[in-house]
Amino acid sequence: MNVASLVGAVAVAYLREELQADTGAVQSTARYVLNLSAEQVAAVARAVLADPFLNDRIDIKLPISLVSGQGLPEETLTTESATFYRNADCPKAAYLLAEHEHGEDASIREIAKLGPPELLERIDLWVREASKGLPIAQEQQKWWERALTGLRDLRIVSIDRFAAYILRTRRENDEAGRPIIDALGAAMPALRLPNDPACFGSLKERQRGHASAWKQQFNNAHKRRSGLLLKQTSSQLLLSEEDLRNAFEKVAHQIPNACHPVIEAFIGAPSGWNAQAEAIAEQDWEQIKPIFDGLQREKFNLGKNTLEYFSELGIL
Amino acid sequence: MTEIIQLPPPPASYHDDNDLWLDEQIWGHRLWEQDPWLLFLEFLSVAEASHATGQLFAADATQFPFSFRPAQRPYLRNLLFNNDRLLELADLYPDNETAWAKWLEWMQSNAKMVAHRDFSYLKNRFPNFEQFVKVIEMLRSATIESSINKRWSSRFVFPFGRHAIYEDLNTEGNREYINFTRNGDLLYQMLARSSAAPELARHFAHLFERRDPCDRLTELLQPEIAEERHTRSGSYLPYAKHPAFEVLAQDWLAVLELQLPRFDAYPYLTILGALHITLYQLQVAAHVCDKPKPHFICEVVAPKKTLVRELSAGNYIANNQLSLSAVDTYVRNIGNSPEWITAAAEQSGFAACREIMRENVRWPDEDYTGPVDPDALLENLRHTAQRRHRQHTANIHNSLGRGAGLVSRRGTNRLRYAPTDELLKALILANVPVRMDYGQFLGRLYDRYGFVFGEQEGQLAITTEDFDKRAFQANASRLENRLKTIGMLRRLSDACAYVENPLRRSAA
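In order, the protein sequence lines correspond to chains A and B.
Take the first sequence: its position 230, counted from the start at 1, is 230 in my numbering, and no numbers get skipped.
Just so we're on the same page, my numbering is the position in the second sequence counted from 1, plus 1000.
In short, the hints are calculated from the structure, not lab data.
By construction, the Cβ of each residue, glycine as well, lies at the ideal position given by its N, Cα and C atoms.
Be aware that one or more of the hints could be misleading.
As the list claims (entries may be wrong) - Estimated spans, in silico, between C-beta atoms of each pair:
{"no.": "1", "chain 1": "A", "residue 1": "H253", "chain 2": "B", "residue 2": "Q1347", "range": "34 to 40 Å"}
{"no.": "2", "chain 1": "A", "residue 1": "L302", "chain 2": "B", "residue 2": "D1290", "range": "49 to 55 Å"}
{"no.": "3", "chain 1": "B", "residue 1": "P1198", "chain 2": "A", "residue 2": "E110", "range": "28 to 34 Å"}
{"no.": "4", "chain 1": "A", "residue 1": "I315", "chain 2": "B", "residue 2": "A1351", "range": "53 to 59 Å"}
{"no.": "5", "chain 1": "B", "residue 1": "K1291", "chain 2": "A", "residue 2": "F300", "range": "39 to 45 Å"}
{"no.": "6", "chain 1": "B", "residue 1": "N1398", "chain 2": "A", "residue 2": "F310", "range": "32 to 38 Å"}
{"no.": "7", "chain 1": "A", "residue 1": "F300", "chain 2": "B", "residue 2": "P1011", "range": "44 to 50 Å"}
{"no.": "8", "chain 1": "A", "residue 1": "I315", "chain 2": "B", "residue 2": "E1379", "range": "26 to 32 Å"}
As the list claims (entries may be wrong) - Derived lysine-lysine pairs resembling DSS-like cross-links, with alpha carbons at most 27 Å apart:
{"no.": "9", "chain 1": "B", "residue 1": "K1304", "chain 2": "A", "residue 2": "K215"}
{"no.": "10", "chain 1": "A", "residue 1": "K132", "chain 2": "A", "residue 2": "K223"}
{"no.": "11", "chain 1": "B", "residue 1": "K1241", "chain 2": "A", "residue 2": "K113"}
{"no.": "12", "chain 1": "A", "residue 1": "K289", "chain 2": "A", "residue 2": "K215"}
{"no.": "13", "chain 1": "A", "residue 1": "K223", "chain 2": "B", "residue 2": "K1484"}
{"no.": "14", "chain 1": "B", "residue 1": "K1102", "chain 2": "B", "residue 2": "K1305"}
{"no.": "15", "chain 1": "B", "residue 1": "K1102", "chain 2": "B", "residue 2": "K1134"}
{"no.": "16", "chain 1": "A", "residue 1": "K250", "chain 2": "A", "residue 2": "K142"}
{"no.": "17", "chain 1": "B", "residue 1": "K1305", "chain 2": "A", "residue 2": "K142"}
{"no.": "18", "chain 1": "A", "residue 1": "K215", "chain 2": "A", "residue 2": "K204"}
{"no.": "19", "chain 1": "A", "residue 1": "K215", "chain 2": "B", "residue 2": "K1469"}
{"no.": "20", "chain 1": "A", "residue 1": "K223", "chain 2": "B", "residue 2": "K1123"}
{"no.": "21", "chain 1": "B", "residue 1": "K1293", "chain 2": "B", "residue 2": "K1304"}
{"no.": "22", "chain 1": "A", "residue 1": "K289", "chain 2": "A", "residue 2": "K250"}
{"no.": "23", "chain 1": "A", "residue 1": "K92", "chain 2": "A", "residue 2": "K113"}
{"no.": "24", "chain 1": "A", "residue 1": "K215", "chain 2": "B", "residue 2": "K1305"}
{"no.": "25", "chain 1": "B", "residue 1": "K1305", "chain 2": "B", "residue 2": "K1484"}
{"no.": "26", "chain 1": "A", "residue 1": "K132", "chain 2": "A", "residue 2": "K142"}
{"no.": "27", "chain 1": "B", "residue 1": "K1291", "chain 2": "B", "residue 2": "K1304"}
{"no.": "28", "chain 1": "A", "residue 1": "K113", "chain 2": "B", "residue 2": "K1305"}
{"no.": "29", "chain 1": "B", "residue 1": "K1102", "chain 2": "B", "residue 2": "K1123"}
{"no.": "30", "chain 1": "B", "residue 1": "K1112", "chain 2": "B", "residue 2": "K1123"}
{"no.": "31", "chain 1": "A", "residue 1": "K250", "chain 2": "A", "residue 2": "K223"}
{"no.": "32", "chain 1": "B", "residue 1": "K1123", "chain 2": "B", "residue 2": "K1293"}
{"no.": "33", "chain 1": "A", "residue 1": "K223", "chain 2": "B", "residue 2": "K1305"}
{"no.": "34", "chain 1": "B", "residue 1": "K1469", "chain 2": "A", "residue 2": "K113"}
{"no.": "35", "chain 1": "B", "residue 1": "K1293", "chain 2": "B", "residue 2": "K1241"}
{"no.": "36", "chain 1": "B", "residue 1": "K1469", "chain 2": "B", "residue 2": "K1484"}
{"no.": "37", "chain 1": "A", "residue 1": "K204", "chain 2": "A", "residue 2": "K223"}
{"no.": "38", "chain 1": "B", "residue 1": "K1102", "chain 2": "B", "residue 2": "K1112"}
{"no.": "39", "chain 1": "A", "residue 1": "K142", "chain 2": "A", "residue 2": "K223"}
{"no.": "40", "chain 1": "A", "residue 1": "K113", "chain 2": "B", "residue 2": "K1484"}
Take the sequences, apply the hints, and build the full model.
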């Protein structure tokens, strides 16, 4: 499963619920406008076509200028804009359209949108789709949902990165056998944060059911660590190669030798997000964090130093 | 698109106190952090000096060394800013003659930077001391306030006309490059090298010659003696042609052509001047690094944190590192040059490499004590250049970007791009002839400046995994509301929104 197909699966789950609810006798045509990238729109269309329930009920009409080359059947493509289908008759229960042309917004304002905000409102669907086939206890599934709600509320990631994080969490759980709490920490490189399986270990069990507690945890990790990977302090000051090298020299003995080449490459690399930053994000944070701790200035204890000074002079 | 034509470095005999010529060869001598108003005043002092010799925006500004003789106006400055006891004496001595006598006596012993501390010429120009005090008070109220120009000799009155324009000096009357950092020289040279130079010359000549009542007052405060002017030179702009110069000149010209009443154009020119120096630095850095023209994800401040804010903060960090990358690339290019590779391959190639480096960046000097190895020499240069760059030139993006109203911490504790209303107004005045479709306006801001507000531009500038269509749509919608609030946008019944330049409309 990739990002687009996960988005497609969630959108299909969303549409299923919407259309299943409409069981009244008198039916008018429902219309949904997808507000996603071309690849994701195509993934949603493919998922709808593959779902017999939705395929019977949804007529897909996507702008050819947006999804040409995505391998969709010809009958799902149109040269008409979404505005054209605003009042057009539909042979099925619903139209699935996509917003593409600039300036159409006012014309299709009244049509139900299906984009990142709508999909991210339904975190339960994301977790349900991502956990399919995983032996996860219900409680863990609930924690996963709360964690994602906290991350969403922080509004720091796009839907792509959000989906990538969910997929990575699934992989950590499925392939590495980590419990969800650890998998959420180990999947952090998908958010451009350091890999830290122990990141959420400090959350007590009763806190794990609260999205606000997760939000706080994600916020702390983002504030304190995301800049470091870009060679910036939390106050956006640039960390020079010299600063990092000096810090590394001080703490090299505390860091496993296997991590040294990655750290050396990171120190020598230009600042910003690049392959070296990505590589260091993949290292276990607990092992490499001394290099960033080493950047903190040693506190000067005036009292202690005064005593030392006078004792050296033999006055004390 | 204007091509980039690079100039050779100035002869090594110039700037001999400069121990490393690297930032200078990339961006010019020199770009330092500065207050936007001081940048504009510095530009005006250069332009006024050139105007005085009939060389305003003339072709000689493209030659090195470019020299000019700026005004100093020591009498005016003493009267306005080194005249602490004026009000006290006016209160103490209600009698006109005594007040004049006491004040002249005080000035006789306290005035500075003037050869003759004789201010008695003022007695004949004002009916009484009280009127004189009122004029001084009025002009003082037009002082350009800045947090960094605290000393009296670095304070400036609003540039009403050529009699109120002067260069920055220390209290001994010597030129220092702390407040007037040479950015203004470079700004002048950029405009002089643009294709709009003749038209700009016409506008500025008009501004300098206009007999504004306040300028006549500043003239009245100065004696009728030939003023002393000193030659200033040495600034160096390494490009004969650059697209950034053209966009800057077009923007200034558009604002000047609005023929705003009196000096209402100056604040907009100040904002645009600071903005374009910031853009110049980043565009040159991107060119050196062989990267695409930088873009700026601009957040229209939202009540809650948005994805656009997050992307903007990340974008700020990436742009902030661009100039340092340019320094690194410049050093790397020296190491990759054929002559360096040939020299380094020889057994005793260090001396030849050192000579190549000296020719390129005037470093290292004779006292160099580092390892005798070409690679180590390059590495040493990289560290030295980075350290030096971080002291001043690296701060332009933050300093002038903030001054222009582009960079801000508003609503958060992280720097990112969140344009102020003043900057938005300046951009509209410079870009909208009378009215312009809103979408077209956003496209123009992206093409000319790299500003990203809406989804169309976001799609072009941002990688797919970071892009969120709806977040940018909401951002563009917030901008639309902001422009509507400041009276520069109208949404018509057919769902078309138009950005309007109200000043151009009234001029038409």
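Satisfaction of hint between B/K1293 and B/K1123, Cα-Cα up to 27 Å: Cα-Cα ~59 Å, so violated.
Is A/K113 within 27 Å of B/K1484, Cα to Cα? Within the cut-off at roughly 26 Å; holds.
Could you grab the alpha-carbon distance between A/K142 and A/K223 and see if it respects the 27 Å cut-off? holds (26 Å)
Between A/H253 and B/Q1347, is the Cβ distance one that fits in 34 to 40 Å? holds (38 Å)
A range of 32 to 38 Å was offered for this pair. Does it hold for the Cβ distance of B/N1398 and A/F310? About 44 Å separates the Cβ atoms of B/N1398 and A/F310, which means 32 to 38 Å is violated.
Between the alpha carbons of B/K1305 and B/K1484, is the straight-line distance 27 Å or under? Judged against 27 Å, a Cα distance of about 23 Å means the pair holds.
Restraint status (C-alpha distance of B/K1291 to B/K1304 at most 27 Å): With a Cα-Cα distance of about 33 Å, the restraint between B/K1291 and B/K1304 is violated, given a limit of 27 Å.
Keeping to a limit of 27 Å between CA atoms, is the pair of B/K1469 and B/K1484 held or broken? Holds, at roughly 23 Å.
Does the structure keep A/K215 and B/K1469 at a Cα separation of 27 Å or less? holds (24 Å)
For A/K223 and B/K1484, compute the direct alpha-carbon distance and say whether it is at most 27 Å. Distance ~35 Å between A/K223 and B/K1484 Cα, so the pair is violated.
C-beta pair A/F300, B/P1011: status relative to the range 44 to 50 Å that was hinted: 48 Å Cβ-Cβ, so the 44 to 50 Å window holds.
Holds or violated: A/K215 and A/K204, Cα atoms, limit 27 Å. holds (14 Å)
Hint check: violations occur at hints 3, 6, 8, 10, 11, 13, 14, 16, 20, 21, 27 and 32; the rest are consistent with the structure.
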